[in-house]
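K.L.:
The listed protein sequences correspond, in order, to chains E and D. If you count by my numbering, then the first sequence holds residues 1 to 219, one letter each, in order. If you count by my numbering, then the second sequence holds residues 220 to 444, one letter each, in order.
Keep in mind that a hint or two might mislead.
Stated by the list, open to error - What the simulated footprint calls covered on chain D by chain E, stretch by stretch (three residues with Cβ under 8 angstroms from a Cβ of chain E suffice, anywhere in the stretch; the number is not a length):
| # | stretch |
| --- | --- |
| 1 | 271-285 |
| 2 | 292-300 |
| 3 | 303-311 |
| 4 | 400-409 |
Said to hold, decoys possible - Label-pair distances were calculated between CB atoms; the ranges are:
| # | chain 1 | residue 1 | chain 2 | residue 2 | range |
| --- | --- | --- | --- | --- | --- |
| 5 | D | Pro409 | E | Asp160 | 48 to 58 angstroms |
| 6 | E | Gly20 | D | Arg341 | 17 to 27 angstroms |
| 7 | D | Ile414 | E | Glu91 | 38 to 48 angstroms |
| 8 | E | Arg79 | D | Asp313 | 28 to 38 angstroms |
| 9 | D | Leu396 | E | Asn77 | 31 to 41 angstroms |
| 10 | D | Gly439 | E | Gly21 | 56 to 66 angstroms |
It should be emphasised that the hints constitute simulated quantities derived from the structure, not laboratory data. The C-beta atom is built at its ideal place from N, Cα and C for all residues, glycine as well.
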Amino acid sequence: MSNTAPAFRNRISYQALLLGGFSFIATALLVLGNLATVDAIEERMREDLRASLSQVIPASVHDNDLLANPLAFEDDNGRPLTVYRGTEGLEVRAVAWEIVGKGYAGDIRLILGIAANGDVLGVRVLSHTETPGLGDKIEASRDDWILGFDGLSLGNPPIDRWKVDKDGGQFDAFSGATITPRAVVAAIRDGLEFFKRHRTALVSPVVITTPALSQESAQ
Amino acid sequence: MSTDYRRLTKDGLWDNNIVFAQALGLCPLLAVTGTASNGLGMGLASTAVFIVSALMISLLRDVITPQVRIPIFVLIIAVLVTLVDMSMNAWVHDLHKVLGLFIPLIVTNCAILGRAEAFASRNRVLPAVVDGVMMGLGFTLALVALGAAREMLGSGTLFANAALLLGDWAASLELRLIADYKGFLLIILPPGGFIVLAFLLAGKRLIDRALAARKEAVAGEPAGA
């Protein structure tokens, strides 16, 4: 930026070309960066998902890759919902999908695993923005509160007890953060009711379109 | 033109420290410093952006005209941050899960644009890069100091989850200072960031004043004798 710069540098067209050229190079760099990392990022995402799923569908109840053959479903509002299935052979032993609770400071994303008979196999928090130190007791790494849902179902406890204790239910609402556990309990209860309504479709045997396998299942 | 590298080092780390002297970059600073490890990760990522942006802007200083320099600096910094974000997501994924939300905040670190404008665009490559390194390290120092103070007061630990950042050997760095500490929530929340930062800023001024007083005393002696 010295004073001896050639005169063309002050032309408006030079400025425009300069800015345009930099934008072009920037775009090219971002495209290259994306190409170099997109596969690795996708692989990491799948690892994360597989790790979360394996926490809510124990290895003892299925023998497949939980990410294989997910079921494209629709939630009550008509939005697409991916249901992951744990199968033994072609029989569906357990299903898991993402449920969302309305927390104190935003959505609480959870993953809910349910056995074919309607029992909760496990629930884990995927992400939340609750208050550190109060609402974050819903994380399995901080408190075993979330493990208390294992083995429960819609009839156990009865439906009017599927609430936090402050509302007359049976689940502990930790002090100082009632909204958070209330949201989690409601989300799990809704998930169980969703399962009850759609049970037939959710646990119907896996249809695999590969010729060799479909022949086998026909026998 | 000779460059005083000692001056650059001292400026970056202490005298003109981005946080403690210029009070810049507070947005990423306060957001991530719940633990010392988070601070270190954010500091190293910011340092990388400091260095590369200083290098590129210094190299291009004769091409870029003053009229369009600001959009170009912003573009260069934004591209660098995006590349850092993508590579961290791909290759240090666990750390990215902790810091991911905050990496894009590096763009909002006005200190990087500030150094690009005030130093890198007016100096040769080597001094520009040295300035980038020192400013980055100074920023990292501030992040780790603030993170360590908040972590010790707020959670009673030090360098928790350092292994996510530095690999398994760093697990030995993780300290639990006070067993069964219930935590001090205020310090972990954003207001605690401001409070602890205020104490650190006051501490730096006290040290500076003590140093100046000692210097004066040393300088004063021969005159009095």
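K.L.:
Indicate, hint by hint, whether the structure satisfies it.
P.N.:
Here is what the structure says about each hint:
no. : hint                                       : in the structure
1   : 271-285                                    : holds (count 6)
2   : 292-300                                    : holds (count 4)
3   : 303-311                                    : holds (count 5)
4   : 400-409                                    : holds (count 4)
5   : Pro409(D) to Asp160(E): 48 to 58 angstroms : violated (40 angstroms)
6   : Gly20(E) to Arg341(D): 17 to 27 angstroms  : holds (25 angstroms)
7   : Ile414(D) to Glu91(E): 38 to 48 angstroms  : violated (58 angstroms)
8   : Arg79(E) to Asp313(D): 28 to 38 angstroms  : holds (30 angstroms)
9   : Leu396(D) to Asn77(E): 31 to 41 angstroms  : violated (48 angstroms)
10  : Gly439(D) to Gly21(E): 56 to 66 angstroms  : holds (59 angstroms)
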